[in-house]
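Model the full assembly from the supplied sequences, consistent with the hints where possible.
Protein chains: 2
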Amino acid sequence: MLKKTKKQQLNYVLVCPLRPVERFRDLHPNEVADLFLAAQRVGTAVEKHFQGTSLTFSVQDGPEAGQTVKHVHIHVLPRKAGDFRRNDSIYDELQKHDKEKEDSPALWRSEEEMAAEAAALRGYFQ
Amino acid sequence: MLKKTKKQQLNYVLVCPLRPVERFRDLHPNEVADLFLAAQRVGTAVEKHFQGTSLTFSVQDGPEAGQTVKHVHIHVLPRKAGDFRRNDSIYDELQKHDKEKEDSPALWRSEEEMAAEAAALRGYFQ
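Heads up: the protein sequence lines correspond to chains V and B, in order. Residues 1 to 126 (full-length UniProt numbering) are what the first sequence spells out, left to right. Residues 1 to 126 (full-length UniProt numbering) are what the second sequence spells out, left to right.
One should not assume that every hint holds.
Below, simulated DSBU-like cross-link-like pairs (lysine-lysine); rule was C-alpha separation at most 35 Å, straight line [unchecked claim]:
id, chain 1, residue 1, chain 2, residue 2
1, B, Lys70, V, Lys80
2, V, Lys48, B, Lys48
3, V, Lys70, B, Lys48
4, V, Lys80, B, Lys80
5, V, Lys70, B, Lys70
6, B, Lys70, V, Lys48
Hint data in this document are derived by calculation from the structure and do not stem from the laboratory.
See below:
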């Protein structure tokens, strides 16, 4: 699943299990394995596609960890030198992002832009 | 592996694969499954032990993601309401923590304190 991001923001991808569960502990062993094997494959693809040199994998497992959608998911973020002033500002960005509700639709990428990106990424898995 | 933290800091645990590899992509499928199944068990234990209500799982996969030790590992952090002023300051704390080199040993927990905590946590896996 592509994360709906604003233009000019770092692109990243969410990986989630087929069966929706709220907490990571609720996943069965085969689902844990599938989920992170998928994240591994997705990480390799997005790092290459977005010319990253590292990856951040993050699971906000529960509301006190910043989870805003009650469906376990992994944030997979391609990283490169200098992408954020302080390295971990990326997490502030993730957090802020989830809370933005009042801004202009013009700031966001269009469905067409996202579809094109999804098509490009899909190529890595065929 | 218990993370060597300062007194008064949030406690957390690192989970790492038996075979040291630098990047997450280098892990074999069975190692990915083992690693995250272990993280799932560890998460349940530390959330309970430290009276958390959520968990943060984070992998800094490569130097541009903040990785400072060339051995893949997962940070497993019990979270609770109000633990950080801004939710994701926890990542700044992780990052800062890895870079502190000049401060006083008195600020750090002793080997004995860490051994006691390790023994308490070990109880969850027996």
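Q.
So, against the hints stated earlier in the document, which numbers end up violated here?
A. 2
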